[in-house]
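Residue numbers (the UniProt record's numbering), protein chains in the order written: chain A, 1 to 220; chain B, 1 to 373.
Bear in mind the hints are in silico, worked out from the structure with no lab data behind them. Just so it is clear, the structure is predicted and the values come from calculations on it, not from any experiment. Check each hint, because a few of them may be wrong.
[What the hints assert, rightly or not] Distance windows between CB atoms, simulated:
{"#": "1", "chain 1": "B", "residue 1": "348", "chain 2": "A", "residue 2": "117", "range": "43 to 51 Å"}
{"#": "2", "chain 1": "B", "residue 1": "359", "chain 2": "A", "residue 2": "76", "range": "28 to 36 Å"}
{"#": "3", "chain 1": "B", "residue 1": "309", "chain 2": "A", "residue 2": "164", "range": "42 to 50 Å"}
{"#": "4", "chain 1": "A", "residue 1": "6", "chain 2": "B", "residue 2": "341", "range": "53 to 61 Å"}
{"#": "5", "chain 1": "A", "residue 1": "187", "chain 2": "B", "residue 2": "358", "range": "39 to 47 Å"}
{"#": "6", "chain 1": "B", "residue 1": "308", "chain 2": "A", "residue 2": "39", "range": "35 to 43 Å"}
{"#": "7", "chain 1": "B", "residue 1": "358", "chain 2": "A", "residue 2": "20", "range": "44 to 52 Å"}
For each residue, glycine too, the CB sits at the ideal point set by N, CA and C.
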Amino acid sequence: MEEQARLRVMVVDDHPMWRDAVTADLEAAGLTVVATASTGTEAINRFRATHPQVVVLDLQIPAPTGVEVTATVLQDDPSARVLILSASGEQDDVLEAVKAGATGYLVKSASREELIAAVRRVSVGDSVFTPGLAGLVLGEFRRMSQDPGPAMPPGEQLTDRETEVLKMVAKGLSYKQIAERLVLSHRTVQNHVQNTLRKLQLHNRVELTRYAIEQGLDDE
Amino acid sequence: MTVRAVVAVEDRMFRALAWLRLVVLANALVLNVYRHNFDHPVAGWACVALMVVWTAYAIATYAKPIRRTVRLTVADLAIAVGLLVATPWVKGEWFNATIPGFWIMGALLAWAVRYGWRGGLFAAVVLGGTDRLIRADFDQGNYGYVFLIVLGGPIVGYLVESLQQMASERDRAEREAAAAAERARLARVVHDGVLQVLALVQRRGAELGGEAEELGRLAGDQERALRTLIRSQDRLVADEGPTTADLAAALAALGERPGVEVAVPGGPVRLAPHVAAEVVAVVGACLDNVNRHVGEGAAAWVLLDDLGDQIAVSVRDEGPGIPEGRLGEARASGRLGISESIEGRVRDLGGTATLTTGADGTEWELVVPKERS
């Protein structure tokens with residue numbers, strides 16, 4: 001509990017009312033907000049100065065975009081975690097942010113309790129999904145496996161169990177319900193979910209590298 | 001037509017014409033050297049020299065859009081006519097080939113490119129007419145040559161005009177696409193601001209309680225409706241034609257119903273329009289059923305899974321489930337139950353509908369092949 005109370009968080013949102021509301025909620029719950037930022041540039045600079053453990057990030061911010069901020073801060077400090085808190089229905093942006101390494105996604109209409117729980121869960125390495133995000137990620141793996149190009153290496157494909165768990169998340173089942181249905185431990189379900197994200201990010205990195213090699217940028 | 005498109009096509013044409021001018025000049029040079037049949041050699045070679053100089057000057061001058069003046073085109077045509085007119089005097093009255101020969105194509109095509117089919121026709125008539133007038137002996141071969149010129153000039157002119165029109169249509173389409181993208185971007189910025197405020201009102205309302213809670217709930221409804229609208233609009237832009245429909249967009253619109261959460265893949269999922277419409281109708285019937293048996297606005301989840309050659313749609317609720325035997329009862333008593341109607345409609349699409357029901361809820365799984373019309 002003592003460990004959690006000192007959780008260091010940065011809040012990035014260009015809307016001052018939101019920034020203040022989220023900061024107040026997190027501090028009331030005993031978390032430390034070490035920095036706030038309203039643009040992508042501010043976010044990256046203040047992240048480097050304050051080393052927060054969790055970044056609560058709105059995707060619609062002045063440049064660089066939330067997706068770029070996600071990629072940059074995680075490259076700087078891979079142990080940090082990014083939780084996307086987005087108002088809009090920009091599902092494509094959310095998917096891009098997740099590919100860039102974000103491990104959580106919440107819609108802004110989520111309650112204060114849901115937000116705090118999500119920050120805590122993300123900080124210990126869990127991933128926070130909505131059914132909508134799970135549907136997008138599932139769709140992304142379906143698209144990749146139907147791609148007529150070179151076959152995906154087995155390490156990037158989902159196992160049958162992972163697909164099953166991901167589908168259940170997309171159908172709105174909680175991790176607890178999934179664990180009961182599949183007779184698994186909560187931890188195992190969580191691991192399956194995390195693996196799907198890890199594979200998506202891995203695939204994204206491999207794609208980027210392939211692209212870089214094709215474009216002859218790899219010797220930079 | 002836009003100036004930009006007109007100039008772009010002209011630039012291309014004059015670049016091609018520059019090469020053509022060199023080819024016809026080389027042809028004229030070789031023929032004149034080979035024949036070497038001038039009555040007045042000095043005047044003859046002066047004519048040939050004029051062709052060389054003018055070709056070089058014309059290529060350099062036509063290359064710049066600003067220098068393609070009436071004076072230039074008139075001079076171009078006048079020199080070609082002048083060389084034709086000089087032929088009977090330089091070569092003698094009974095000459096066979098004119099001094100410039102095919103070299104006059106340079107001026108003819110320049111007119112066609114610059115002034116369209118009318119310009120091409122005018123230059124062709126002037127050159128063809130001159131050719132006719134200078135000849136004491138106008139035979140069938142000469143007639144064929146003039147006839148081809150008078151046909152070719154306007155045809156090239158017409159083609160150039162068509163190209164210019166197509167280029168400006170393409171320009172306009174590109175500009176419209178860019179404008180639409182910019183409008184969409186602005187709309188997103190505005191929508192995001194509205195969504196932020198609605199979500200904030202919802203959140204603060206829940207915290208304050210009382211009347212504010214009701215306001216917050218209303219804001220929440222609007223927020224969800226707007227989010228669904230934006231998502232379906234985003235998908236509308238990507239739609240390609242009436243031969244297929246995007247099932248993902250159509251199902252996402254169901255997220256507007258209270259309590260319903262829809263999960264779909266990122267891109268469009270294309271099906272024949274009648275199949276997509278029927279699937280959406282069946283899913284709507286499933287959701288109506290949730291409202292009837294679990295409660296108005298009860299939580300329900302819709303998932304669209306694109307399996308390549310078929311699609312799977314699941315509709316799940318967490319109600320008390322359908323009691324054992326009730327479906328069979330309804331069927332036995334001859335009443336067409338909701339379950340029968342759902343199964344029948346999906347079967348008509350060549351698919352299957354599976355019902356799983358228990359204490360922790362009810363789930364329909366519809367699997368339908370992607371039939372292409």
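Hints, verified against the model:
1. B:348 / A:117: 43 to 51 Å: holds (45 Å)
2. B:359 / A:76: 28 to 36 Å: Cβ of residue 359 of chain B to Cβ of residue 76 of chain A: about 49 Å, so the range 28 to 36 Å is violated.
3. B:309 / A:164: 42 to 50 Å: 20 Å Cβ-Cβ, so the 42 to 50 Å window is violated.
4. A:6 / B:341: 53 to 61 Å: holds (58 Å)
5. A:187 / B:358: 39 to 47 Å: Violated: the Cβ-Cβ distance is about 25 Å, outside 39 to 47 Å.
6. B:308 / A:39: 35 to 43 Å: holds (42 Å)
7. B:358 / A:20: 44 to 52 Å: At 46 Å between Cβs, range holds.
Taken one by one, the earlier hints fail for this structure at numbers 2, 3 and 5, listed in ascending order.
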